[in-house]
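K.L.:
Listed below are the residues making up each chain.
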Amino acid sequence: MVILDVLNLSKTFPTRMGPRRAVQDVTFSIARGEVLAFLGPNGAGKTTTIKMSAGLIRPDAGKVRIGGIDLWQHHDPAVQQMGAVLEGSRNLYWRMTVMENLLYWGAMRGITGKAAKSRAEELLDRVGLGDRARSLVQSLSRGMQQKAALCQALMTSPQVLLLDEPTLGLDYEAAASIKSLVRELAQQGTAILLTTHQLDIAQELSDRIAIIRQGQLVLQGTTSEVLQQYSQPLFAIEGAEPWPLEILERVRGVPGSIQMIDPLTLLFVPEAADMAGIYDLIAALTPHPIARIQRHQADLSEVVQKVLTEGVTA
Amino acid sequence: MRSIVQAEWRRSLILAARYPMETLSSILTMFLVFAGLFYGASYITDSPIGAGRLATIVVGYAVWMTMMSATGDMGWSVQNEAQNGTLEQVMMVPRGAVWVFLVRALMAIVVFLIPLVMVVCAMIALTGVGFVWRLEALEPFLMTLITAWGLGLLVAGIALIFKRIGQVLNIVQFLLLFVIMIPLGHDPGWLWHILAVLLPFTAQVALLRHVLQTTAPVPPSLWLSAGFNMIIWMLTGVMGFIGAERFVRRRGTLGHY
Ligand SMILES: Nc1ncnc2c1ncn2[C@@H]1O[C@H](COP(=O)(O)OP(=O)(O)OP(=O)(O)O)[C@@H](O)[C@H]1O
Ligand SMILES: [Mg+2]
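Here the protein sequences line up with chains C and Y, keeping their order.
The opening residue of the first sequence carries number 353 in my numbering; numbering runs sequentially from there.
The opening residue of the second sequence carries number 80 in my numbering; numbering runs sequentially from there.
By construction, these hints were calculated from the structure, which means they are not laboratory data.
Positions of the beta carbon are idealized from the N, C-alpha and C atoms, including for glycine.
One or more of the hints may lead you astray.
Stated by the list, open to error - Okay, the calculated bits of chain Y under chain C, using three or more residues with CB under 8 Å as the criterion:
1. 99 to 112
2. 157 to 165
3. 320 to 329
As the list claims (entries may be wrong) - Over 10 Å on every C-beta distance to chain C, these chain Y residues come out as not near it, computed from the model:
4. THR135
5. MET170
6. PRO173
7. ILE193
8. ALA204
9. GLU218
10. GLY245
11. PHE257
12. HIS289
13. LEU291
14. THR293
15. TRP302
16. MET313
17. LEU314
18. GLY334
As the list claims (entries may be wrong) - Subject to a maximum C-alpha distance of 25 Å in a straight line, what follows is the list of computed SDA-like cross-link-like pairs (lysine to any residue):
19. C:LYS531 with Y:THR165
20. C:LYS469 with Y:GLN85
21. C:LYS469 with Y:MET80
22. C:LYS658 with C:LEU569
23. Y:LYS242 with C:GLN490
24. C:LYS415 with Y:ARG329
25. Y:LYS242 with C:ARG373
Construct the complete structure from the given sequences, taking the supplied hints into account.
P.N.:
Below you can see the structure in the form of structure tokens.
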């Protein structure tokens with residue numbers, strides 16, 4: 353079931369140097385329990401898209417639907433379904449404690465009394481901030497502030513969560529705990545849109561990715577399929593013991609190119625990307641003991657780099 | 080809506096209690112102002128200040144301070160929120176930002192009036208001067224307040240667009256002085272009536288003066304101008320703020336300039 357529906361969003365900002373096209377005809381949707389990672393270089397239009405989805409920037413054209421409700425026609429019920437942690441901005445009042453902030457923002461969205469208190473406690477425990485509930489936000493570390501901001505956005509248990517660079521400037525441990533919270537939320541059915549420049553995090557978390565460049569989506573797809581698609585037809589064959597030198601002689605007849613990149617590892621690119629060629633190779637390698645055969649698996653940074661420099665391959 | 084009022088009330092209390100020195104010093108300042116007014120006046124005129132006179136001074140002070148704070152608070156609030164990065168969260172509150180800022184303005188007045196009443200009571204106890212509670216001033220006061228909020232929303236709208244409010248507010252509050260001091264005389268002419276309908280506060284302050292200085296019944300035309308003017312300014316404020324909100328959402332400059 354689609355929860356966040358973004359249809360043909362476009363935005364051109366009027367600036368002193370004339371109009372600046374920031375987002376052009378961007379369309380995507382996120383279903384219940386799905387994490388979409390929104391990737392792209394600086395200035396590509398990620399924040400603009402997130403803010404248009406949050407109702408903070410009015411698009412020139414296009415629609416945003418949250419839980420089936422049109423955001424720009426029925427603002428109040430639509431934003432009620434949504435939580436957002438924006439990039440860079442602090443999202444919380446620095447002169448109030450973490451708990452005071454959560455109760456305040458909860459009440460602003462209609463969650464009060466005991467329900468609010470227990471929700472806040474539950475969230476803080478979940479991110480490991482239970483013992484800092486009474487600390488002023490300004491006294492928290494960057495990572496703790498980010499976690500607290502996330503709790504704030506979750507007070508109403510929103511169906512849609514928008515996260516703009518949620519792990520920016522966080523150390524490994526803080527990033528890991530945000531990651532696991534995002535994963536948990538998705539499992540419980542929240543639809544999550546997140547932007548990040550940390551592609552390893554995007555790869556771990558996302559079900560789908562969308563890559564935007566100069567305001568236009570250039571690639572969208574299921575993360576695993578995209579990775580598959582961008583993987584090379586290339587195998588690494590690791591011997592259990594060093595390959596004898598004459599092995600290269602023995603496999604000469606196998607169609608494709610074979611290299612020994614170190615004494616234990618052979619690289620094999622089958623001719624015409626015919627993956628079945630691996631069986632011929634294995635036959636030719638018999639009976640030398642093999643420890644591992646691995647097909648090349650692209651990671652997101654390779655994909656993004658390729659897409660951004662060379663354009664999309666079919 | 081009730082939960083927003085609750086949340087803002089709690090936030091005001093929390094902030095007042097978190098910085099007790101600030102809170103205390105503002106109460107002390109208020110106390111000193113009144114002591115100055117009170118003792119100063121009776122010293123210079125060499126006669127004890129009358130109970131009625133004191134009441135007028137207190138009402139005047141309360142009205143003036145309320146006007147200043149009600150025209151400025153929302154603008155300052157917008158500017159601070161923009162600087163601290165919380166403005167965008169406020170703008171995502173389902174009810175809409177106009178309500179949030181109006182409720183905040185209401186809380187600011189309550190937080191100002193409570194210590195004021197306390198100080199006045201303390202003065203009465205200390206000096207033993209009788210004090211006439213001028214409850215008939217309540218309605219003109221409320222009208223002034225609502226007009227001031229309308230103007231305040233307009234100022235807040237300007238703050239949304241420019242993110243900076245100090246200069247604008249100086250000018251606005253300076254102009255207010257003129258507006259209030261437009262001489263009334265015994266028989267205000269038609270020009271005055273036109274101005275009273277259009278300019279903020281002129282009619283409300285005239286009404287307040289009338290109520291405080293005479294016991295004669297208020298001419299209905301004065302009530303009418305004051306009420307009409309109040310509604311106009313409130314509507315202008317709300318519409319100005321919403322217009323500014325639309326403008327910055329289109330420009331994409333909600334959170335920053
Ligand atoms: N309010 C604005 N007025 C004018 N131009 C803007 C405004 N906001 C963004 N832009 C421009 O729109 C483009 C997209 O910006 P955006 O912030 O969406 O990029 P981004 O993908 O989030 O980049 P980053 O990775 O650096 O956060 C940029 O060229 C930016 O300069
Ligand atoms: Mg950005």
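K.L.:
Taking the hints in turn, state whether each one holds.
P.N.:
Consistency of the hints with the structure:
| no. | hint | result |
| --- | --- | --- |
| 1 | 99 to 112 | violated (count 0) |
| 2 | 157 to 165 | holds (count 3) |
| 3 | 320 to 329 | holds (count 3) |
| 4 | THR135 | 38 Å, holds |
| 5 | MET170 | 6 Å, violated |
| 6 | PRO173 | 4 Å, violated |
| 7 | ILE193 | 21 Å, holds |
| 8 | ALA204 | 34 Å, holds |
| 9 | GLU218 | 32 Å, holds |
| 10 | GLY245 | 21 Å, holds |
| 11 | PHE257 | 35 Å, holds |
| 12 | HIS289 | 41 Å, holds |
| 13 | LEU291 | 39 Å, holds |
| 14 | THR293 | 46 Å, holds |
| 15 | TRP302 | 36 Å, holds |
| 16 | MET313 | 22 Å, holds |
| 17 | LEU314 | 21 Å, holds |
| 18 | GLY334 | 6 Å, violated |
| 19 | C:LYS531 with Y:THR165 | 24 Å, holds |
| 20 | C:LYS469 with Y:GLN85 | 14 Å, holds |
| 21 | C:LYS469 with Y:MET80 | 19 Å, holds |
| 22 | C:LYS658 with C:LEU569 | 15 Å, holds |
| 23 | Y:LYS242 with C:GLN490 | 23 Å, holds |
| 24 | C:LYS415 with Y:ARG329 | 15 Å, holds |
| 25 | Y:LYS242 with C:ARG373 | 24 Å, holds |
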